[in-house]
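**Student:** Each chain, written out:
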Amino acid sequence: MSPSLLPALAANNTWFAIWPEISLGCLALLLLVLEIILPVSARRHIPTVAILGQLVLFGAVLADFHNGYVGHETFNGLLRHTEGGQIMRLFFILCSVLVFWLARLTLARQTMPKIEFYNIVLVVSAAMMLLAQSNHFVMLFVALETVTIGLYILVSYTRSNALTLEAGLKYLIMGALSSALLLFGIVLLYGVAGNSALPAHSGGAMHFPELARFLTANPHNSIAAIGIVLVLAGLAFKIGAFPFQIWIPDVYQGAPTPITAFLAVGSKAAGFAALLAVMRNVFPAYEWLTTPVLSIMAGATIIFGNLAALTQHNVKRLIGLSGVSHAGFLLLGVLAVAHTPLALGAVYFYLFAYLLANFAVFGVMVHLAGANDPEQELEHYSGLAKQDPFLAAVLAVGLGSLAGIPPLAGFVGKFLIFMAAYQAGFHGLLAIAIIGVVISIYYYFGWLRAAFFEEWRPSTELAPRPERTPANWSSKLAAAVLALASIAVGFCPGVFGHLLHW
Amino acid sequence: MSLPLFDPLLIAIVAPLALALAIALGLPKRWSVRLAYVAFAIPLLMGLHVWWHFAGAAKDHGYAFVTRYDTGLSGLGIALKLGVNGIAMPLFVMAGIVGFAAGWYAINSAAERLKIYLMLLLIMQGGLMGIFASVDVFYFYFFHELALIPTFIMVGVWGGRDRIYAAMKMTIYLTLGAMLSLLGLIAVYVKSGAHSFDLMVLHDTLAATPIAVLTQKHFFGCLLFGFGILVSLWPFHTWAPLGYGAAPSSNAMLHAGVLKKFGLYGLIQIALPLLPEGLAPWAKGLAILAAFGNVIVIGLVTIAQRDLKQMIGYSSVMHMGYAFLGIACGTALGVSGVVFLMVAHGLSVALLFLLATTIHHRTQTFSMDDMGGLGQKAPVMAAFFAAATFASIGLPGFGNFWGELTIFVALWKFSPGFCAVAVAGVILSAVYGLRAVARVFYGNASPAALRQAEQTPVLDLTWMERIPALLLLGALLFIGFCPASLTVAINSALASR
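Taken in order, these protein sequences are the chains called A and B.
The letter at position 420 of the first sequence is residue 420 when you use our numbering, and the numbering goes up by one with no holes.
The letter at position 357 of the second sequence is residue 357 when you use our numbering, and the numbering goes up by one with no holes.
Hints are supplied without guarantee of correctness; some may be wrong.
[Said to hold, decoys possible] In silico negatives: residues of chain B with every beta carbon more than 12 Å from chain A:
(1) Leu333
(2) Gly443
(3) Asn491
[Said to hold, decoys possible] Here are the computed lysine-lysine pairs in the PhoX-like style, where the Cα-Cα straight-line distance is at most 20 Å:
(4) Lys413/B with Lys386/A
(5) Lys191/B with Lys217/B
(6) Lys413/B with Lys284/B
(7) Lys386/A with Lys29/B
(8) Lys29/B with Lys115/B
(9) Lys217/B with Lys284/B
Calculated from the structure, these hints are not laboratory results.
Just so it is clear, CB atoms sit at the ideal spot from N, CA and C, and this is done for glycine as well.
Just chain A, with the same shape it has in the complex:
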């Protein structure tokens, strides 16, 4: 390091700007230390410590929401702090807490070392937070890879299960492919922006504003266009959009349930945060290209996700494919962002509604799963309402919100997205979305039908149903909070209204 750089760094000491991410990293290290120093009997409290730590962090970030960094770049333009970034920070902390909650129940049935699992979840969450604030393709790629590599480990964590291993392998191969596509796209953009024969060329075109300047000066460059499509393709893997959704059913089924939830909510949201960043800050000049590409993607994603989910019997595959259709609805919101100010808030709102609903459903799923985690069939839900009305009610709220039924939060999310899409003029896609909603009612309803309307008949079943775990008080509390939050946000969406600046 050259001597002149040190004073410059000291003068521009912006490490404090990323204190939430650093705190999460420290918390992750603390867990490892605690595992070494605590006696064996006390180690089961380590996840509780982590959950409490994250809740404190959540409160601190919320209190520090409008800090001095918002609207500024730090680390020489690697990061840009925005209100959207602050919202996503809160989102990822919440997501991580809920993954911990699920993991405590699921890991109790396994004989794996446990602390490493929590440790990796924390690191991945920190990386997701950085990803949402990245302002530079190096930052975006490094953060995305940290997320992905962490998830490679987590997906195949219960390595004694054949389906889990298969899921891990599939995720590894598809993830590597998507990273390669993304990287190739970045390289093409960087390369073409450095061509000194072109106007506004720049050597620093990894930086979003620099690249955006170049793209604005060259709005019809074919190499840049290929690069943009490849970057979108790489991100489409993360959000599970058609035609890059093929890995979803197998990986979602094989991964441990908390990680399925982490993929379905955290990883998808991280992909959308990155997509929003590039769509808003880098690619506006190429709207002629991104709009048709994303439109086709959104329409096909909605249709594919819903049709494929219709035939599923495994609930993990079902929720994965329903998540694909949700990615389509969110893409509709992303498309509208360029045209109407309503859309950005709508996307964030939808993500939060999706988080609340999904974790409510996953919270019920972990109570019904046995030691063989990938085996969670729709039939296992029959008679749930009689045996455990509380879990059945939580399931109903979660699925109802995912289906977008008033008065639940998911309805308001869909309503806002539809309104934004209508204002932006995507009428054809809106028609597809509405057909998608009607189809989705069928499979969400089928799930509820098993839980509420069907009796459990042990004699007709070949494979025995896994033993259900009754919910303890802390699980009940968490599930009730999630369900009530879905209802409360649906009745009074304004809780987020001021946060999202409508």
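Starting from the known structure of chain A, fit chain B onto it as the hints suggest.
**Tutor:** Chain B in isolation, oriented as in the chain A frame:
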């Protein structure tokens, strides 16, 4: 705007929902059941209060009791704005009456898991009151869905034959209808440029700068078919008889009586005034579907029914045909007839479903072939059922008569041909109605009925059953003999726009 301390509309919505929440949070059964009487009575009392004070109340755009509560969506032009105009008021009162009758009957029924059953019914009641009290289009839709969800669950869990299939079919049809109408509502909101879902603001904005005629036609079509599916417009009606056949009685009373009126109400209160040029291109087609589909085809299908509850379900689909015909006229006269018919039909169909279930308790069947001779043992029940049937046919003295008569007069001006078809429909409804009375209550008891009567002696209507039936029948007779109690408000609301 300062908020009044006593807001009858909000109280009518919140009271049932508050008890539903309390039950969900674990209120003991004893208290749930006792408080349910109160929670169902409050909307009724508030409805009567609104009806009594409506004429003298201060009005804004024809709406009385206007209040506005911010729910944090004001940036989008959405707020919980409550108020009733002359069209909403009669329906609001009707929802209170039918809700109380259905609630009373449910509390005294032997439903399994009564607490949950009452909770769902209370949610439905809260939603129903909200539909007719909302001035904000967003909340109008919102409350409809709130009332709709319990229907699916109640049909699926407490329903009769084919309950799961019926629940699923209803869910898919009604979601499609709701989605189409939502799309139409969003389209009107965006195109109006009013940045508000407030019906008064939308009305003022669109009166100043109307939407282009061709666009109005498209939007109206979207609303017409969206709402049409919800009101069982032929050929999108197949969910209705199936669903009502399977639904538990209180749920069928509330859905067929009140909730189904949402679609008609939306057409009258939103589509017609906001899209005044939208109806004309569709009027002829709508009249053909309603006259030949709903009235004649379904009328004939109703005659062929052997199942009492299915027959009532089909007859309700048929009567919706008259309502659509009245809307197709597009005149204030026709629409006033529709509003009146909506109120009267809501009361009479609820009464019929109530009585059908009491009959089922005596005979253990809905099949009319296995009944007969019930009138000798249960004369009061026979009298109630005959009265409800006469009301449904449209005999003078009952509310339905005025509604249908007004529609026929309006229809004559629209097209005498359609008027003739509609009047022919009355004969069809007389045929199936009177046949049902004859097969259930007169003649000799069928062998199946005799066997059943040996096991359990047939009792006449108990007082627990008579109270809700009397309430509904009394209301029907009241508006039948004193139609001006509603028409003054309806006509002034229609004349002012």
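**Student:** Hints broken by the structure, by number, lowest first?
**Tutor:** Of the numbered hints, just 4 does not hold.
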